[in-house]
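There are 2 protein chains.
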Amino acid sequence: MPMMIDELVKAPAAWMSRRGAGVVISSRVRLARNLKDAAFPGWAGEDECVRLCGNLKQAMARLESLQHPLFLDMDKLGDTDRAVLRERNLISAELAEKGRGSALVVAGDQHVAVMVNEEDHIRLQAVRPGLHLRSVWNRVNAIDTELEEQVGFAFSRELGYLTACPSNVGTGLRASVMMHLSGLKLTGEVDAVLNGLGKLGLAVRGLFGEGTEAYGNMFQISNQSTLGESETEIIARLTAIVKEVAQHEENARARLMESRQTYVLDQVARAYAVLTHAHVLNSGEAIDLLSGLRLGVELGIVKQLSIAAINETVLFTQPGHLQRLAGKTLSPDERDMYRAELVKSRLQQVGFQA
Amino acid sequence: MPMMIDELVKAPAAWMSRRGAGVVISSRVRLARNLKDAAFPGWAGEDECVRLCGNLKQAMARLESLQHPLFLDMDKLGDTDRAVLRERNLISAELAEKGRGSALVVAGDQHVAVMVNEEDHIRLQAVRPGLHLRSVWNRVNAIDTELEEQVGFAFSRELGYLTACPSNVGTGLRASVMMHLSGLKLTGEVDAVLNGLGKLGLAVRGLFGEGTEAYGNMFQISNQSTLGESETEIIARLTAIVKEVAQHEENARARLMESRQTYVLDQVARAYAVLTHAHVLNSGEAIDLLSGLRLGVELGIVKQLSIAAINETVLFTQPGHLQRLAGKTLSPDERDMYRAELVKSRLQQVGFQA
Chain A
1 MPMMIDELVK APAAWMSRRG AGVVISSRVR LARNLKDAAF PGWAGEDECV
51 RLCGNLKQAM ARLESLQHPL FLDMDKLGDT DRAVLRERNL ISAELAEKGR
101 GSALVVAGDQ HVAVMVNEED HIRLQAVRPG LHLRSVWNRV NAIDTELEEQ
151 VGFAFSRELG YLTACPSNVG TGLRASVMMH LSGLKLTGEV DAVLNGLGKL
201 GLAVRGLFGE GTEAYGNMFQ ISNQSTLGES ETEIIARLTA IVKEVAQHEE
251 NARARLMESR QTYVLDQVAR AYAVLTHAHV LNSGEAIDLL SGLRLGVELG
301 IVKQLSIAAI NETVLFTQPG HLQRLAGKTL SPDERDMYRA ELVKSRLQQV
351 GFQA
Chain B
1 MPMMIDELVK APAAWMSRRG AGVVISSRVR LARNLKDAAF PGWAGEDECV
51 RLCGNLKQAM ARLESLQHPL FLDMDKLGDT DRAVLRERNL ISAELAEKGR
101 GSALVVAGDQ HVAVMVNEED HIRLQAVRPG LHLRSVWNRV NAIDTELEEQ
151 VGFAFSRELG YLTACPSNVG TGLRASVMMH LSGLKLTGEV DAVLNGLGKL
201 GLAVRGLFGE GTEAYGNMFQ ISNQSTLGES ETEIIARLTA IVKEVAQHEE
251 NARARLMESR QTYVLDQVAR AYAVLTHAHV LNSGEAIDLL SGLRLGVELG
301 IVKQLSIAAI NETVLFTQPG HLQRLAGKTL SPDERDMYRA ELVKSRLQQV
351 GFQA
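These protein sequence lines map, in sequence, to chains A and B.
Counting with this note's numbering, you get residues 1 to 354 for the letters of the first sequence.
Counting with this note's numbering, you get residues 1 to 354 for the letters of the second sequence.
Treat the hints loosely; a few may be bogus.
Given that identical chains are not distinguished, each listed pair holds provided it fits within a single copy or across any two copies.
Once the Cα atoms are required to be at most 20 Å apart in a straight line, the calculated SDA-like pairs of lysine to any residue come out as [what the hints assert, rightly or not]:
id, residue 1, residue 2
1, Lys344, Asp333
2, Lys10, Arg324
3, Lys76, Leu299
4, Lys344, Gly284
5, Lys199, Ser167
6, Lys344, Gln261
7, Lys57, Gln150
8, Lys36, Leu186
9, Lys199, Glu189
10, Lys328, Leu35
11, Lys344, Thr262
12, Lys344, Tyr263
13, Lys57, Arg205
14, Lys344, Leu315
15, Lys199, Ala246
None of these hints come from the bench; they were simulated from the model.
Put together the whole structure using the sequences plus the hints.
Shown next as structure tokens:
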């Protein structure tokens, strides 16, 4: 039996699972693909989108590599469900705005998701906790190959895969990692490091992707160019750079613990204090404070708390998940109060000795 | 036997005593006086200052109204003692810089203090918790009269009492109240109210007087003009205005508790949380957070804590008092750590239910 959306909402998100501890939280690869001899979604009419979407869903239902996926038509999803999917990074802000003729296909373990008729006909992504771009690429590549045999993709010998936006033409590949750089933030070096990444042709985004703020010192780092390098080259280069950034972060943490331990203790203790006492907590502040607690766990300062519990709290305090938990629509003020209550009850039992 | 400075340091400060609860924390009146036929301290040489200081101390030792005062020569006080006296508002920033020929005379209950050879030969002040300008004036006036009989003051029929700075000529009187305006701060009205006071010819200063910041939403409000109004007129006018400001503050608090109770609870709970968890706390932040807790006590949100305990904590976490408690000189970083420990141990036993 295929998974239902209610189950999906209760499960941990792939990008923030139990194993996503450490500096590199998760690795993700997505491919942009389009059907040959068909207009891009932005140019096709709604009926044409519905027809293409139906064909693609049929083709994907037959794929062994998708493991009994969940099919979700965008026009059947309410605002809260869209928000939930967005918060799990299963859909983009753009797909969240779409209706009839667009869909999301999610593999049983939520590690693979396919957006149908977003900007391109197909946006295929796979995610794994930790730094594992190569194996994530292998999984995406296998699904891509299986799907291409069924439907055929728009491809040019000179340019590679054709996409709606020229920035994706070629490999159509975007590889990204989510990093937690709170050590570099505390030492004041994070901006310099991130600027350096820009000069290497990488893009830096916030926790929830394009156009979102970097709450909680969590940054998505990804390749910008999709032309002139092979898929494996892109992935090897990004992996090497991410390892270097991770090393910078580890060094910053070691220096902090060596020479500024009280300052780190203070930051972690204050985060815990506010999280367990606030009566009003907005989503950005909650992520920022949970990031402080996360650093405390990773440095061994906070003992009775797991990264999995923090990840879950970050996710379940997002507006969509929060309203799902409450079972009703909440105003922003109500959400801030409900969020504070939720965080308090989850963390107060933990206790804190620092 | 006269009080020693060690006893003075351990006692509660007059301006922050047990009874200083509510919107008006304390009332203060000070008089500027100069000896007739003697150069102002800024014009007199050091030897002349020493001679005048000796005469004044002798005269004051005879005053019944000073109740066995403590005599402190400024040149015999170390940095920490000067800081302690400053934090108790017993001396000004200017006297704290003085040496030989300047002194402080403090009455046994610390409610009356006389600075000798600050800007003027005599700066006589009295303080009481709450709004009691009239009775404070009566006390100052009695001492002033008794002292004038002994030494004789520089006085002009046209101008009144003569002072080193023209802004004090006339009555030489400055009356001030310390107010805790955290309700108006939370409603965003405090700036408008304080600007209004400026238009009424009143001066607004921070907790520790001229040139200090208004930490903890505590403001000193005082008359600026010392000419053209009698002492009792100045005091009656200031009392009337302060009552009005206090009413504004009470109204703001009532409105907050009626329509934004969660927000107030949140502010108070966060203050308590950080005070009981921080490992590093600077002096300004400590006062700000203690102000939040003070509001909580006054609104009945925080039950197991007295205003006296908060006042004492504000005072004992100031740099001078802190170093007195530690029994040694502390660097600013050490102070911030020691302060955090002190506050934590004082408040953690209180518990908090909000």
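Could you check the structure against the hints above and give me the numbers of any it violates, in ascending order? Hints 3, 8, 10 and 13 are the ones this structure does not satisfy, whereas the remaining hints hold.
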